[in-house]
Amino acid sequence: MQDKEKMYYSRKATLSLKISEFEVPPMQDLLIIGKKAPIGPEAVKRMAQALSPEQFTIVKLEHAKIEAVLIRNSLFQMLDEKVLMQIILEEADRLISDNMVLRSELKISVSVQREVEL
Amino acid sequence: MKVKDFMASPVYTVSSERSVQYVSDLMNELKVGSLVVMDYGMTVGIITSRDIRSSHPNRIVADAMTPIPISTSPDQFAWDALETMEQHRIERLLVVQEEQVLGIVTREALHIKLSQILDPLTGLYRAPYIQQIGEHFLNHRQYFELLFIDLNNFGKINKEYGHPMGDDILIEYSNRLRALTNERDYVCRYAGDEFVVITRSMENDAMRLADSLSQLTVLHNINMSASVGLANSRLVPDFFALSFRDLISKASLLSTSLKQSSAS
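These protein sequence lines are chains A and B, in that order.
Last residue of the first sequence: number 118 in the numbering used here, and the count goes up by one each step with no gaps.
Last residue of the second sequence: number 1264 in the numbering used here, and the count goes up by one each step with no gaps.
To be clear, the hints were calculated from the coordinates, so they are not data collected in a lab.
These figures come from a predicted structure and were not determined experimentally.
Among the hints, erroneous ones may be present.
Stated by the list, open to error - Just a sample of chain A residues kept apart from chain B, beta carbon distances all over 10 Å, derived:
| # | residue |
| --- | --- |
| 1 | Met-7 |
| 2 | Tyr-9 |
| 3 | Phe-22 |
| 4 | Leu-84 |
| 5 | Glu-91 |
| 6 | Val-116 |
Stated by the list, open to error - Distance windows between CB atoms, simulated:
| # | chain 1 | residue 1 | chain 2 | residue 2 | range |
| --- | --- | --- | --- | --- | --- |
| 7 | A | Gln-55 | B | Glu-1017 | 34 to 40 Å |
| 8 | A | Ala-64 | B | Glu-1029 | 33 to 39 Å |
| 9 | A | Met-78 | B | Asp-1080 | 52 to 58 Å |
| 10 | B | Glu-1017 | A | Ser-109 | 38 to 44 Å |
Beta carbons: idealized from backbone N, C-alpha and C, even for Gly.
Let's have the full structure, built from the sequences with the hints guiding it.
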């Protein structure tokens, strides 16, 4: 009888670890910062400078929803800034709300075909 | 009536890397409406309760503050500081001397204090305003022209058309004064139907202004003119040795004599 009345109490914790490599920089090629996003352009600029010095530029904008874009400098070497920004804004505008920060990978591949006289 | 008489001090500061949430809590604790943002001893901005309301609490101060805040000196006149705030549509000015932030002055504080020397009828400042400006220029031996303007036959208008019409004439004449003066001029309703203008313009311009102000003009279908007494360092010997009160007396006596000669 006494054994049946015994109470058992235990507390256990189960741990689960998922380990993966931290990408440097974590923001890939672009960050598009909404006007009411939890992180603003200055903080993003400081973060980028700390993680990947001299590799990113912040471009502040006059836009209804987007406050600024952080962009990898090397992209500007491949394409004209105006052209690039116009494409980014056109595409981001459809997805973003003013409280979001979007991360984007942007790869530019150039294909060249030349003909020479034989 | 200098900025230093109305500024709030000490100034509380925060660094630009703190969060908006932290600043909000700090402002509540200190019961202040703004904090000066300083990095490494340099003033980089100002963050106000309005900035906090429009920013996400996770943002850092650098992303919510107003950078490069507009400042004033402690010895600037309160009305000039108020004008600066109105021009820039801001609520606060930093009070800075030799790159040191001494305090903050708010539009509300200046408004409340300056409304005490504002004439409710005409919206012009009253005598204490011009007194302070005149004394300031005298103390600093800075050239100025003093115009004492006395409306002619104003008592008669009050008697013939009633005091409300008299008030309308004063309002209209004040508007005329505003229109004829510029940013180099200081205008006040000195008393009753008397106005004083201090101008930093040259004598010729001051004479032209005096002439325009004394011209016959029609206000509310009534012909009005004024007698204008002018005092400056050329016309009044020992100009800078006299008190402002003495200069007012000289200019007002001159306007009275002009009035008498025009009446005769």
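How the hints compare with the structure:
1. With a least beta-carbon separation of about 45 Å from chain B, Met-7 (chain A) lies farther than 10 Å from that chain, consistent with its non-interface assignment.
2. Distance check for Tyr-9 (chain A) against chain B: the nearest CB is about 40 Å away, which clears 10 Å, and the non-interface claim stands.
3. Interface exclusion of Phe-22 (chain A) from chain B stands, the closest Cβ pair being 21 Å apart, more than 10 Å.
4. Every beta carbon of chain B lies more than 10 Å from that of Leu-84 (chain A), the smallest distance being close to 24 Å; the non-interface claim holds.
5. Chain B leaves Glu-91 (chain A) outside its interface by the beta-carbon criterion, the shortest separation being 24 Å against a cut-off of 10 Å.
6. Every CB of chain B is more than 10 Å from the CB of Val-116 (chain A) (nearest about 54 Å), matching its label as outside the interface.
7. Against the hinted window of 34 to 40 Å, the Cβ-Cβ separation of Gln-55 (chain A) and Glu-1017 (chain B) comes to about 21 Å, which falls outside the hint.
8. Checked against the hint of 33 to 39 Å, the pair Ala-64 (chain A) and Glu-1029 (chain B) passes, with Cβ atoms roughly 36 Å apart.
9. The hinted window of 52 to 58 Å between Met-78 (chain A) and Asp-1080 (chain B) holds, with their beta carbons roughly 53 Å apart.
10. Between Glu-1017 (chain B) and Ser-109 (chain A) the CB atoms are about 39 Å apart, so this pair conforms to the stated range of 38 to 44 Å.
In this structure, the one hint that does not hold is number 7.
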